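Peer 1: Spelled out, the chains give:
Number of protein chains: 2
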Amino acid sequence: MDAAEFRKRGKEMVDYVADYLEKIEKRQVFPDVEPGYLRPLIADCAPQDPESFEDVFKDIEKIIMPGVTHWHSPYFFAYFPAASSFPALLADMLCGGIGCVGFSWAASPACTELETVMLDWLGKMVNLPEEFLAGKDGQGGGVIQGSASEATLIALLAARTKTIRQVQSEKPELTEAEIMGRLVAYASDQAHSSVERAALIGAVKIKSVPSDETFSVCGSALKKVLDEDKAAGLIPFFFCATLGTTSCCSFDKLLELGPICNKENIWMHIDAAYAGSAFICPEFRHLLNGVEFADSFNFNPHKWLLVNFDCSAMWVKKRSDLIGAFKLEPLYLQHHHQESGLVTDYRHWQIPLGRRFRSLKLWFVLRMYGVKGLQEHIHKHIRLSRQFEHLVLQDERFEICAEVVLGLICFRLKGSNELNEALLKSINDAKKIHLVPCHLREKFVLRFAICSRTVESTHIKFAWQHISQLATDLLKTWGQNHHQQ
Amino acid sequence: MDAAEFRKRGKEMVDYVADYLEKIEKRQVFPDVEPGYLRPLIADCAPQDPESFEDVFKDIEKIIMPGVTHWHSPYFFAYFPAASSFPALLADMLCGGIGCVGFSWAASPACTELETVMLDWLGKMVNLPEEFLAGKDGQGGGVIQGSASEATLIALLAARTKTIRQVQSEKPELTEAEIMGRLVAYASDQAHSSVERAALIGAVKIKSVPSDETFSVCGSALKKVLDEDKAAGLIPFFFCATLGTTSCCSFDKLLELGPICNKENIWMHIDAAYAGSAFICPEFRHLLNGVEFADSFNFNPHKWLLVNFDCSAMWVKKRSDLIGAFKLEPLYLQHHHQESGLVTDYRHWQIPLGRRFRSLKLWFVLRMYGVKGLQEHIHKHIRLSRQFEHLVLQDERFEICAEVVLGLICFRLKGSNELNEALLKSINDAKKIHLVPCHLREKFVLRFAICSRTVESTHIKFAWQHISQLATDLLKTWGQNHHQQ
Numbered sequence: 006m007d008a009a010e011f012r013k014r015g016k017e018m019v020d021y022v023a024d025y026l027e028k029i030e031k032r033q034v035f036p037d038v039e040p041g042y043l044r045p046l047i048a049d050c051a052p053q054d055p056e057s058f059e060d061v062f063k064d065i066e067k068i069i070m071p072g073v074t075h076w077h078s079p080y081f082f083a084y085f086p087a088a089s090s091f092p093a094l095l096a097d098m099l100c101g102g103i104g105c106v107g108f109s110w111a112a113s114p115a116c117t118e119l120e121t122v123m124l125d126w127l128g129k130m131v132n133l134p135e136e137f138l139a140g141k142d143g144q145g146g147g148v149i150q151g152s153a154s155e156a157t158l159i160a161l162l163a164a165r166t167k168t169i170r171q172v173q174s175e176k177p178e179l180t181e182a183e184i185m186g187r188l189v190a191y192a193s194d195q196a197h198s199s200v201e202r203a204a205l206i207g208a209v210k211i212k213s214v215p216s217d218e219t220f221s222v223c224g225s226a227l228k229k230v231l232d233e234d235k236a237a238g239l240i241p242f243f244f245c246a247t248l249g250t251t252s253c254c255s256f257d258k259l260l261e262l263g264p265i266c267n268k269e270n271i272w273m274h275i276d277a278a279y280a281g282s283a284f285i286c287p288e289f290r291h292l293l294n295g296v297e298f299a300d301s302f303n304f305n306p307h308k309w310l311l312v313n314f315d316c317s318a319m320w321v322k323k324r325s326d327l328i329g330a331f332k333l334e335p336l337y338l339q340h341h342h343q344e345s346g347l348v349t350d351y352r353h354w355q356i357p358l359g360r361r362f363r364s365l366k367l368w369f370v371l372r373m374y375g376v377k378g379l380q381e382h383i384h385k386h387i388r389l390s391r392q393f394e395h396l397v398l399q400d401e402r403f404e405i406c407a408e409v410v411l412g413l414i415c416f417r418l419k420g421s422n423e424l425n426e427a428l429l430k431s432i433n434d435a436k437k438i439h440l441v442p443c444h445l446r447e448k449f450v451l452r453f454a455i456c457s458r459t460v461e462s463t464h465i466k467f468a469w470q471h472i473s474q475l476a477t478d479l480l481k482t483w484g485q486n487h488h489q490q
Numbered sequence: 006m007d008a009a010e011f012r013k014r015g016k017e018m019v020d021y022v023a024d025y026l027e028k029i030e031k032r033q034v035f036p037d038v039e040p041g042y043l044r045p046l047i048a049d050c051a052p053q054d055p056e057s058f059e060d061v062f063k064d065i066e067k068i069i070m071p072g073v074t075h076w077h078s079p080y081f082f083a084y085f086p087a088a089s090s091f092p093a094l095l096a097d098m099l100c101g102g103i104g105c106v107g108f109s110w111a112a113s114p115a116c117t118e119l120e121t122v123m124l125d126w127l128g129k130m131v132n133l134p135e136e137f138l139a140g141k142d143g144q145g146g147g148v149i150q151g152s153a154s155e156a157t158l159i160a161l162l163a164a165r166t167k168t169i170r171q172v173q174s175e176k177p178e179l180t181e182a183e184i185m186g187r188l189v190a191y192a193s194d195q196a197h198s199s200v201e202r203a204a205l206i207g208a209v210k211i212k213s214v215p216s217d218e219t220f221s222v223c224g225s226a227l228k229k230v231l232d233e234d235k236a237a238g239l240i241p242f243f244f245c246a247t248l249g250t251t252s253c254c255s256f257d258k259l260l261e262l263g264p265i266c267n268k269e270n271i272w273m274h275i276d277a278a279y280a281g282s283a284f285i286c287p288e289f290r291h292l293l294n295g296v297e298f299a300d301s302f303n304f305n306p307h308k309w310l311l312v313n314f315d316c317s318a319m320w321v322k323k324r325s326d327l328i329g330a331f332k333l334e335p336l337y338l339q340h341h342h343q344e345s346g347l348v349t350d351y352r353h354w355q356i357p358l359g360r361r362f363r364s365l366k367l368w369f370v371l372r373m374y375g376v377k378g379l380q381e382h383i384h385k386h387i388r389l390s391r392q393f394e395h396l397v398l399q400d401e402r403f404e405i406c407a408e409v410v411l412g413l414i415c416f417r418l419k420g421s422n423e424l425n426e427a428l429l430k431s432i433n434d435a436k437k438i439h440l441v442p443c444h445l446r447e448k449f450v451l452r453f454a455i456c457s458r459t460v461e462s463t464h465i466k467f468a469w470q471h472i473s474q475l476a477t478d479l480l481k482t483w484g485q486n487h488h489q490q
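So the protein sequences, as listed, match chains F and D. Our numbering puts the last residue of the first sequence at 490; the count rises by one with no breaks. Our numbering puts the last residue of the second sequence at 490; the count rises by one with no breaks.
Excised from the complex, chain F in its bound form (with noise of 0.2 Å):
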């Protein structure tokens, strides 16, 4: 395929690209298909000689979208929401135009300085201290990561490798294995489960700290297992903080906490994954008060800020302890400019050595929509999930199972855990809508995350009158087959 071909093939793949997201409503949000569907549509091998476009193009109907989860239907509210917007799939077309690998400062000058900027554009947007932005010469500053998860598996190495070679200054006596040893990382008993899983990576002890009732880490719970585990010859050195859980968005309570990190010299690493995006809005902005005690801190704009995935904003206060986790410096990744302060090689940021041009996309984003048009969004998912809440709330048959403040709402069949397994499973087999589950404390429990880009009240409608017909109908049935407890 040469450069004509593509011109007219690339202006059939943005029509088709239109008319999917355009038509999107009209697809079933949840596929037909069972495990193993594929194969056998599929050659079992490459082609020796080259197919045309039209052939490869026809599969994609027939193929492909037979077996698509439909993320950015407006009837999908599973899981959070994925990102996405037509600024940022323009930006990410020119990302794959441009093709460069950013490792390093050299390896492309723009990649790396544009997604500085960037950064401080969005920390600027929730309101970070200033020591969390690169500035011109500032200490800290932010990187696009691919996942929340590397941004916390980043963070934890860091605090590990910080943590040690402190210890090591004061106790020369200890090995870097006994030491290891002891480290002990902390998160919620709601934090996800990236973050157990950054501790096995890591090969740390993690603790879970017990939410209180509003599935919240206070500063008391924090304290007393530190004390605990202190006193067993423990060496607690990484906390990580959730604002908005994935199970039912509950905020950690930063304001008690951070200063217990600060005082015990424990890296405070937030993971505001979802939530992130909401303290763009200053009615919301409280949620992140605390930050100031935070070594670092991370959201997810490829999640609730209309930037594709991925695209997951991390800052820190202090860019060197990132720095000196990783660096390694063969000559073929070396230049003659990286000795000056405004050079950045963020390959010694993150887990992947290359990297795309992601920050174009913050770049087209930020400025299509603006500030104002961001805002705009949040609140009309706001709106939405506000809706939905007192629909529940309206028949008493439900019941909201945690606070709402952002875009999701935990509820149930007041009644046993297998009738809302029973409504769930109803609910996803009718394949209308689309919801996934969570489990707070013993209680199953049903999530409705506001997902789509183009939601609207009529969706939320129809969502819950069919899930209120479905209730209906399995309680009709339930009484006669089930004890309920």
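To be clear, the hints were calculated from the coordinates, so they are not data collected in a lab. Since this is a predicted model, take the numbers as computed values, not measurements. Incorrect hints may appear among the rest.
[Said to hold, decoys possible] Chain D is faced by these chain F residues, among others (derived, beta-carbon under 10 Å):
1) P177
2) K377
3) E404
[Unchecked claim] When the alpha-carbon atoms are kept at most 25 Å apart in a straight line, the in silico DSS-like pairs for lysine-lysine are as follows:
4) F/K141 to D/K67
5) F/K31 to F/K436
6) D/K13 to F/K16
Even glycine gets a Cβ: it sits at the ideal position worked out from N, Cα and C.
Use these hints to put chain D onto chain F, whose structure you have.
Peer 2: This is chain D only, laid out in the frame that chain F set:
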């Protein structure tokens, strides 16, 4: 921006990308900008109100392009190639449009299943042993990682977990920390820095195995360090073999190393990040002989197989080894299909949770080029590499520093490191072509990598004439000012 405007702007962007790639030769391959160039060109913070697409679009040439290193210019000979092709760009547009996040089978079945089948296609193209393929119910299989660094890390972590469990079952008196303290990983002294980094992250020792005069690790060299370390009570658990090292594209001797690793119960991972694409050509497949002894194998179609970054292909013989190292399963990520043997939840195979629909790129490229078309691409690059080698060999002032096997030529002026550093500086300062250096033992060496999809014989000739002329100019003055070694 609505769908109608996206149709218009998307088509303009297709033309911009087509123009960029068609006329890339006319752009200076390496930018003139100095560190910090971009910040003064951009506002201090995001705009409150939306800006138009035109305003953003015109800033691409004004602000971005002056700072881009043009990786796809036919005058770019630095690092290793970053793949780019029109079919891959089209597939990435579709990937962005669908915008699903494929962490589990249910999150988008097509995303998972196409990946499994495409990795089987690719595995067959390089004639991998059947054990590495997923097939209908195999124990192995492939996965797309973001980078070779991540593949190495994943393999090391899986090996670490597997070894700890084995040692614990044999010697229950040892704690996990004690075992960790004895684990040792190995790689060539020529291996990529990401191997050392993986060990640093995984908190295990790593030792360099000395390479021989061809910069390859042979069996006796590995055996020697293993015997010493075992005698000292250490537990060797992981060896990363490199096929096509970054410095000079040398190849570790798999057929000697593999049996040793198997006998010693050491996980052998093969990092063929660059070279792996060449194995689709029958005449280069012998370089992969010995892969049958490996536990995991990785190469980057995003380097040399015309699939845009990121697409790093990794295969394992036993998928349970990867999954066993990571599996954590909160309720919101469970789905009712997952107990079926046909279901793959790729989030257990990788560091991040989220993942894009990257297999579309492989599907488009493999079908629209066909195996023959991709073989032609490799053949062309190797022809050009031989051409450059021939030109160097005809000039008695220069020497070739390592055997030229694929598309990389390591060369230098016969003379001091200072002389060669000066030559590289004059080349890169002139900015007509772009190269990076490496060290081979104590020697400073220039690396000339055949990179661009569109590079032709005329560009190679031009590059050599240019280098040769700069050498002539340099040598004129050098004799007067420096002692030659």
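Peer 1: Confirm or reject each hint.
Peer 2: Here's how the hints hold up against the structure:
no.: 1; hint: P177; in the structure: violated, 18 Å
no.: 2; hint: K377; in the structure: holds, 5 Å
no.: 3; hint: E404; in the structure: violated, 18 Å
no.: 4; hint: F/K141 to D/K67; in the structure: holds, 21 Å
no.: 5; hint: F/K31 to F/K436; in the structure: holds, 12 Å
no.: 6; hint: D/K13 to F/K16; in the structure: holds, 9 Å
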